[in-house]
Amino acid sequence: MVTLDEIANAGLLQKPSGTVPKVLERSESQYKPLTSFNLGKDLQYQQQFADIYFLRLTKIKPAVEEIASVAWDGTIIGGETAKKVERVLDVRQGELCWVTGTVYMDMALKPNILEDVSKDRWISAPSVDRYYSEDGKDSVMLEDDSGRIQLVGDVLKHFFMVTGCIIAVMGTENANGEFDVIDVKFADLAPQPGRWELSKPPAPVPKPAKKGRRVKDEDEDVEMADSPSSKPGTKIAIVSGLEFSGVDTSYAMELNLLLEFLLGEALDPAAQKEMAQISRLIIAGNSIAAERKGFGESTGGDKKSGKKYGYDSSTYNPLPSQLLDGFLSELLPTIPITLLPGVLDPANASYPQQPIHAAMFPKSRSYVAMPGATEPGWLDTVTNPWEGEIEGWRVLGTGGQNLDDVFKYVDSDDRLGMMEAMCRWRCSAPTAPDTLWAYPFQDDEPFVMKECPHLYFVGCQPEFGTKVIQGPDGQMVRLIAVPSFSATRELVLVDSETLDVTRIKIAV
Amino acid sequence: MEVYSKFLAENVLAEDKVVTYRLLSCALHVHVNTAKQMLYDFHKTQNEKRAGAVHATYLIYGVKQHVELASASHNGGDGDVEMTSSMPDVDSVDDDVVPTFTLSIVAEEGLEDALAEYDEVSAIHVYSVGPRPTKDFALLADVATDVLSLGAQDDYNEHAPISNPRMHRRERQVASAKAKTTTAPTHVKPKQEPKQEPSRLFPVKPAPAPAPAKTVAEAQAVKPDVETPEKTSSSAPSKKPAPTLKRGGSTNSSIMQAFSKATTKVKKAETSQPATPSGDESSLQPMSDDGEDDTEIPQPRARVVSGRKSKTEREEELRRMMEEDDDGDEDEEEKAESLDEEPEEPEEEASAPEPTQDEPTEVATTSGDGRRRGKRRITKKKQIMDDQGYLVTIQEQGWESFSEDEAPVQPIASKPKTASSAPPAPAAKPKKSGPKGSQGSIMSFFSKK
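Protein sequences, first through last, are from chains A and B. If you use full-length UniProt numbering, the first sequence corresponds to residues 1 to 508, in order. If you use full-length UniProt numbering, the second sequence corresponds to residues 1 to 449, in order.
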């Protein structure tokens, strides 16, 4: 509760004093993007998708088996000892055993490519809100390169299950040929690299990894970080879903305030000092709004204009990308930006999305790195998902499609839980390529988390959420669901020393 | 009366506008914080004179009372029992409430209520003043757009409260064919080394870095002080305007030609110029008697072609512009240059081996009725059987006549292709076209090539 009297004569509510405020200098953060998700130039789309599943299983299976054997070796249930079975097909009826494989969800509502092909449908079906159905007809299968077995058992309901995740199950095959599951194991968090593994810390060596993370005090007074000598943690701003639009101006003012906030133009000197701590902005997808145009409208227009070659101003509205470009070019002189594409952005639709081309930004593109440059650009347009190291922390971020797709499999609203599950499955996009469009990888499966990130953020989510999860070897991961700015008017600040999260709401 | 009071009085009271602190800072070149104080002072003094004369909006930043926040930040805290079986010691380290700051903009009238919602206000200032209560904050967004355009014009960034000395941007690459005419400007441009210059010295849109979208003419306009192209470009068109009056359709190409000559001269000066195709070693062509048409031919680039499409008013304007530019022309030099240009020509036109390119060059004349006729060079594919019985596809250059009616399909894409090399054989062809093209007969339209 603040009253008018309390704020009277606050810093800026008085006559100009005539002194020129000094210019603040924005803090720096060490930044090293990785190219884990960059596709080569010579893309082939001839190959099959099966290799992705094979590679994923090969990569994750050892970890799952290790955990499972620790947990289950020597387990005796009903006088029978559980023993490991190499392949799904080797499961014998009535024998207590455990086996590792890939989950396949058989769901009536799930888009099915085989169905599309058999019915001669050549356009993809409209996307649905969810894949699961309430009638209980959905079934869970476990498969590997040998075969497939249906999983039953109440224990399955306690876990998130999506197509593509690798699990180990213990149980017996019943008379119906189904596998009655008693327990389930995952790979759990991958080994976590230490801090500053890829980049070098600035001169004064900061506290070693892990210990730098303190349990944060409730009312940490971030804006009072006014002692310049002791270097307070810089902030990383993450925002997603800016959705610059050519038609919808309902949040134009908020975008504007966001710009002023990040530029440090708004607010008073104390707060501006705090803003100067924001050393990097990450835009996690959906910077450009979807065109909300009916089908009839567009086709009608086409007929009228008749044959038109090249640029047709009646069917293309350049305003959104111009607005985005303007926004970026205002910010770039003072803050470096990492730009991930999202589902609405002008990038390829299939995962991993490749960087938005610099040609989209006539004003800002001089900040983009030269092709072939080794140093990351000041405006770094990156892939989605994207991996990198900021201030020594390994960061994994996506534009949200992976989580949105997992969300459709599960009857739950716990998006953070799903993010956690992905980390524990060691797979950042398990549902690719089944329901999440993906490039048919042949030699590598980049979605497997070989190394556990310190910070995992997912953009374009309906609401904000964050939590810290821990792994068996002391790994700690900060999960952040970054809300869509156009819907929530929120951005997230992450402290680069403690990975603590601050949330900024912009209300008009 | 201080400057800002006057400015605000003019804009708010007289012109009925809303002024934000950014607009004020931008217009008067003052620091944003000073601008905020100016707004406050203006608001105070005006309302002392006459209550309700101006209305302000305030920007508040602080911590709101935790009412609805708790639920949102907790949404993951309790639903994750699923995973705990494998990780029994997962604790909820972070289930405490995430510190949330709220930035809100409120009208003067609602200030008290808005403040009541806050637990703590860490910053507050006047955001804008306007002649009447602000109901729709979208209006403020419009003001912001004004700021953007104002900022684009001048050195607005000098007043940015936060600078970043590490900011770096890349130098514009000298893109080969495209940037031909802008080569000189690129050279004059100061080296933009990161760290050497504080970012404030580099506004968002510095003039010396010509945007790629700029047309050549614009680029020239931006850099009037660049010496080399300026001198030659002004001399070149001096000869042109007279002929272009006769041949209205090709006016623009003559302008482009002027620039191309400039480049040629630059090339003479320093042969290492990467932008200029190294066409010197290709065979020297005999100069044709019709110099005018010759010099036109080496301009098959899209810009020329698109210029041809434009209406006569624009041509007039351009011509006037060029005529303004030129004074004290050196005809000798120009002639020498047109000689120089010859070797470049085969490079240009022959360098597009794609059979699809139907208009590498063309020669046009304008008849009295404003119609344009002429010939254009096309590459035809021809399939013949050689003595061993194999089918061989060869590409042949040929001429096709056209008139204005058949709207020339300008392949814009053909521009970058000029980089590739090609047989110099057809190079001599365009010479003959000069005289022929000047007198296009209707029959040539029907004649089969």
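I should point out that these hints are in silico values taken from the structure, not numbers from a laboratory. Glycine included, each C-beta is placed from N, C-alpha and C at the ideal position. Some hints could be false.
Said to hold, decoys possible - Okay, derived cross-link-like pairs now, DSSO-like style, lysine-lysine, Cα gap no bigger than 30 Å in a straight line:
1) A:Lys15 with B:Lys382
2) A:Lys15 with B:Lys381
3) A:Lys200 with A:Lys61
4) B:Lys17 with A:Lys15
5) A:Lys15 with B:Lys6
6) A:Lys22 with A:Lys450
7) A:Lys83 with A:Lys32
8) A:Lys505 with A:Lys200
9) A:Lys32 with A:Lys15
10) B:Lys44 with B:Lys6
11) B:Lys44 with A:Lys15
12) B:Lys49 with A:Lys273
13) B:Lys17 with A:Lys505
14) A:Lys59 with A:Lys450
15) A:Lys450 with A:Lys84
16) B:Lys6 with A:Lys505
17) B:Lys49 with A:Lys22
18) A:Lys110 with A:Lys83
19) B:Lys135 with B:Lys44
20) A:Lys61 with A:Lys450
21) A:Lys22 with B:Lys44
22) A:Lys119 with A:Lys137
23) A:Lys22 with A:Lys41
To be verified - To spell it out: a stretch of chain B is covered by chain A in this simulated footprint if at least three of its residues, at any positions, have a beta carbon under 8 Å from a beta carbon of chain A; those stretches are:
24) 11–19
25) 38–46
26) 103–110
Hint-by-hint comparison with the structure:
Pair hint Lys15 of chain A plus Lys382 of chain B does not hold up; C-alpha atoms about 83 Å apart against a cutoff of 30 Å. With a C-alpha separation of about 79 Å, the suggested pairing of Lys15 of chain A with Lys381 of chain B is violated against the 30 Å cut-off. Taking the CA atoms of Lys200 of chain A and Lys61 of chain A, the gap is near 34 Å; set against the 30 Å cutoff, the hint is violated. The hinted pair formed by Lys17 of chain B and Lys15 of chain A meets the criterion: a straight-line CA distance of about 22 Å does not exceed 30 Å.
Under the criterion of a C-alpha separation no larger than 30 Å, the hint pairing Lys15 of chain A with Lys6 of chain B is consistent with the structure, at around 15 Å. For the suggested pair Lys22 of chain A and Lys450 of chain A, the alpha carbons sit about 46 Å apart, so the restraint of at most 30 Å is broken. For the suggested pair Lys83 of chain A and Lys32 of chain A, the alpha carbons sit about 45 Å apart, so the restraint of at most 30 Å is broken. For the hint pairing Lys505 of chain A with Lys200 of chain A, the CA-to-CA distance comes to about 34 Å; that exceeds 30 Å, so the pair is violated.
In summary, the hint linking Lys32 of chain A to Lys15 of chain A is not supported, as the alpha carbons are separated by about 45 Å, beyond the 30 Å threshold. Annotation: proposed proximity of Lys44 of chain B to Lys6 of chain B holds, straight-line Cα distance about 15 Å (limit 30 Å). About 9 Å separates the Cα atoms of Lys44 of chain B and Lys15 of chain A, which keeps this hinted pair within 30 Å; it holds. Annotation: proposed proximity of Lys49 of chain B to Lys273 of chain A is violated, straight-line Cα distance about 36 Å (limit 30 Å).
Only pairs whose Cα atoms come within 30 Å are accepted, and Lys17 of chain B paired with Lys505 of chain A is accepted, the gap being roughly 28 Å. With a C-alpha separation of about 9 Å, the suggested pair Lys59 of chain A and Lys450 of chain A falls inside the 30 Å cut-off, and the hint holds. Annotation: proposed proximity of Lys450 of chain A to Lys84 of chain A holds, straight-line Cα distance about 25 Å (limit 30 Å). The straight-line distance between the Cα atoms of Lys6 of chain B and Lys505 of chain A is roughly 36 Å, outside the 30 Å bound, and the hint therefore fails.
At most 30 Å may separate the alpha-carbon atoms for a hinted pair to count; Lys49 of chain B and Lys22 of chain A exceed this at roughly 33 Å. For the given pair, Lys110 of chain A sits about 34 Å from Lys83 of chain A by alpha-carbon distance, which is inconsistent with the 30 Å threshold. Between Lys135 of chain B and Lys44 of chain B the CA atoms are separated by roughly 20 Å; this keeps the pair inside 30 Å, and the hint holds. A threshold of 30 Å between alpha carbons decides the hint, and for Lys61 of chain A with Lys450 of chain A the separation of about 13 Å falls inside it, so the pair holds.
A C-alpha spacing of about 26 Å is found between Lys22 of chain A and Lys44 of chain B, which places the hinted pair at or below 30 Å, so the restraint holds. Distance restraint check for Lys119 of chain A and Lys137 of chain A: the Cα-Cα separation of roughly 23 Å lies within the 30 Å cut-off, and the hinted pair is therefore satisfied. Distance restraint check for Lys22 of chain A and Lys41 of chain A: the Cα-Cα separation of roughly 48 Å exceeds the 30 Å cut-off, and the hinted pair is therefore not satisfied. With 0 residues having a beta carbon nearer than 8 Å to a beta carbon of chain A, the region 11–19 of chain B misses the requirement of three or more and the stated coverage is violated.
Only when three residues or more bring their CB closer than 8 Å to a CB of chain A does the claim for the region 38–46 of chain B stand; here the count is 3, and the claim holds. Chain A is given as covering the region 103–110 of chain B, and this holds because 3 residues of the stretch bring a CB closer than 8 Å to a CB of that chain, at least three being needed.
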